Amino acid sequence: MSVLVFLVLAALTVAAALTVILHRNPVYSALALVSTLALLSCFFVLLEAYMVWALQIVVYAGAIVVLFVFVIMLLNVQSDERALPGPGTVVGVAGGAGLLALLIATVAVRGVTANPPAVGAGFGTPEHLARRLFTDYLVPFEVTSLLLLVAIVGAVVLGKRRI
Amino acid sequence: MAVDVAIACAKAVFMILLVLQVMGLGVFFERKVSAVIQDRIGANRASIFGFAGLGIVNTLVADPVKFLLKEDVTPAGADRFLHFLAPILAVVPAVAAFAVIPFGDVLEVGGRAIQLQAAQLNVGVLYVLAMTALGVYGVVLAGWASNNRWSLLGGIRGSAQMISYEIAMGLALIGIVLTYGTLDLQSMVRQQGALLWGWLPAWGILYQPFAFVLFLVAGVAESKRIPFDLPESESELVSGYFTEYSGAKHLMFMMADFVEVVLVAALVTTFFFGGWQVPFLLRDGFHVAGQVYELPAAWIVVPALQVTSFMVKMIFFTWLQIVIRWTLPRFRYDQLMRLGWQGLLPLGLVNVMATALAILLWGTTA
Numbered sequence: 001m002s003v004l005v006f007l008v009l010a011a012l013t014v015a016a017a018l019t020v021i022l023h024r025n026p027v028y029s030a031l032a033l034v035s036t037l038a039l040l041s042c043f044f045v046l047l048e049a050y051m052v053w054a055l056q057i058v059v060y061a062g063a064i065v066v067l068f069v070f071v072i073m074l075l076n077v078q079s080d081e082r083a084l085p086g087p088g089t090v091v092g093v094a095g096g097a098g099l100l101a102l103l104i105a106t107v108a109v110r111g112v113t114a115n116p117p118a119v120g121a122g123f124g125t126p127e128h129l130a131r132r133l134f135t136d137y138l139v140p141f142e143v144t145s146l147l148l149l150v151a152i153v154g155a156v157v158l159g160k161r162r163i
Numbered sequence: 164m165a166v167d168v169a170i171a172c173a174k175a176v177f178m179i180l181l182v183l184q185v186m187g188l189g190v191f192f193e194r195k196v197s198a199v200i201q202d203r204i205g206a207n208r209a210s211i212f213g214f215a216g217l218g219i220v221n222t223l224v225a226d227p228v229k230f231l232l233k234e235d236v237t238p239a240g241a242d243r244f245l246h247f248l249a250p251i252l253a254v255v256p257a258v259a260a261f262a263v264i265p266f267g268d269v270l271e272v273g274g275r276a277i278q279l280q281a282a283q284l285n286v287g288v289l290y291v292l293a294m295t296a297l298g299v300y301g302v303v304l305a306g307w308a309s310n311n312r313w314s315l316l317g318g319i320r321g322s323a324q325m326i327s328y329e330i331a332m333g334l335a336l337i338g339i340v341l342t343y344g345t346l347d348l349q350s351m352v353r354q355q356g357a358l359l360w361g362w363l364p365a366w367g368i369l370y371q372p373f374a375f376v377l378f379l380v381a382g383v384a385e386s387k388r389i390p391f392d393l394p395e396s397e398s399e400l401v402s403g404y405f406t407e408y409s410g411a412k413h414l415m416f417m418m419a420d421f422v423e424v425v426l427v428a429a430l431v432t433t434f435f436f437g438g439w440q441v442p443f444l445l446r447d448g449f450h451v452a453g454q455v456y457e458l459p460a461a462w463i464v465v466p467a468l469q470v471t472s473f474m475v476k477m478i479f480f481t482w483l484q485i486v487i488r489w490t491l492p493r494f495r496y497d498q499l500m501r502l503g504w505q506g507l508l509p510l511g512l513v514n515v516m517a518t519a520l521a522i523l524l525w526g527t528t529a
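These protein sequences, in sequence, are chains A and B. Counting in the working numbering, the first sequence runs without a single skipped number right up to 163 at its last residue. Counting in the working numbering, the second sequence runs without a single skipped number right up to 529 at its last residue.
Simulated from the structure, these hints should not be mistaken for laboratory data. Quantities reported herein were computed from a predicted structural model and do not represent experimental measurements. Among these hints, one or two may not hold up.
[What the hints assert, rightly or not] According to the in silico footprint, chain A covers these stretches of chain B (three or more CB under 8 Å from chain A):
1. 261-272
2. 395-404
[To be verified] Taking lysine to aspartate or glutamate pairs in the DMTMM-like style, the calculated list, with each CA pair at most 25 Å apart, reads:
3. Lys174/B / Asp497/B
4. Lys174/B / Glu48/A
5. Lys160/A / Asp497/B
Quick reminder that beta carbons are idealized off the backbone N, C-alpha and C, glycines included.
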């Protein structure tokens, strides 16, 4: 049952991801990106990580991609203004292919088991996540927030002509 | 198994019907309360097959029928698919958000304990935030897909406004989550059943008055109604992001607005006014000053009282939002942004810091 759900979700996710890069209209691409992120979040539900599911929806689907759509609408980007394939496209395709090859190689070497490792009770709950985040992974967490702070300062510097 | 599925469906249907009923009542307030505020009589002339005897009730029946029978126009040059999709994306998340709102405690029937909440989710608060965040897409896409300058301006205003006020709303929610120490709405309401000094119900408003103000303001802004109706503002943008919608789709946008009003009312009730709690009412009856007044047939009477309590509070806050809507003028756009970013955001941050400090100093408050 859950394998069937997984396969359907996976097929839909790949289809949505392909739409992001293949559709001519930027608004549809952005919407396909939301669909991709929303479908990805469903895998977190399958893994019983409801907290990560909610954060994925709130942060990506609810905030970041809305800003993408906002900018596309504000600049009124037309579908024919999309750049032709150039050096960036080649680098992107090569990088994507490399990552895919790495993923396939990893799966081939490590193998796939039908039985995932058992997790303790309360796995994926906010309490569990917070405990891990603020004890075992405190330093990476703080470093990430520092990175975000740098990004915010950078955005303000770029956005304001005079400070 | 079959019984469990039936119970789950019944709870979902109950919640949706409850929302739609309160929404209908909201339309009634909108027509009649606004009339009283403006010293006029209000809608009373709808005649259905020559029968106009029920006054406003006739209007409430006639309005939706009129909308459903109108022609559904898609403007030339519009993106047909997204034009069709936008109203659905506006309504569905708003209704879905009600899934985690508890409307009662536990109903025990035939050895089966039924939680009176459509979905028990341990990340309830985040679920609500996720659903309100997804509501933006309906506005944005309606504005873009209509191929109309007014609509596009309305959609852009709407997305900027909703993102700005989501932050204030999220900060207000952080204060609440800190106070209760949980993200689960049902356990928040259970904690509000405690009594302070033996007589004062420990409702959230006592712990988080600033969060209440923040949440209400941000909530009204999220529902895009006056004084925050810049995306729609009929005196500037015709009808904003849904200028090019007619018939049933127009009705769906109006419905989305009203469902969001009811949602804000339900959330305010849940977070700050004890949800389904009736003061001094426990599982078996009223406990007042050490005395116990038992209720007959408590297994059904107590949940019924709780559901009623939740509904009364929810209707009150729906009414309050409609009175606000008919009392205040519209903000200017710069005022709206200044209020969101320079008013509510710092206040929300201060509230979070103060709450965290208070919990650190005096232990968990609730």
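(message) Are any of the numbered hints broken by this structure? If so, which, sorted upward?
(response) The structure breaks hints 1, 2 and 3; every other hint is satisfied.
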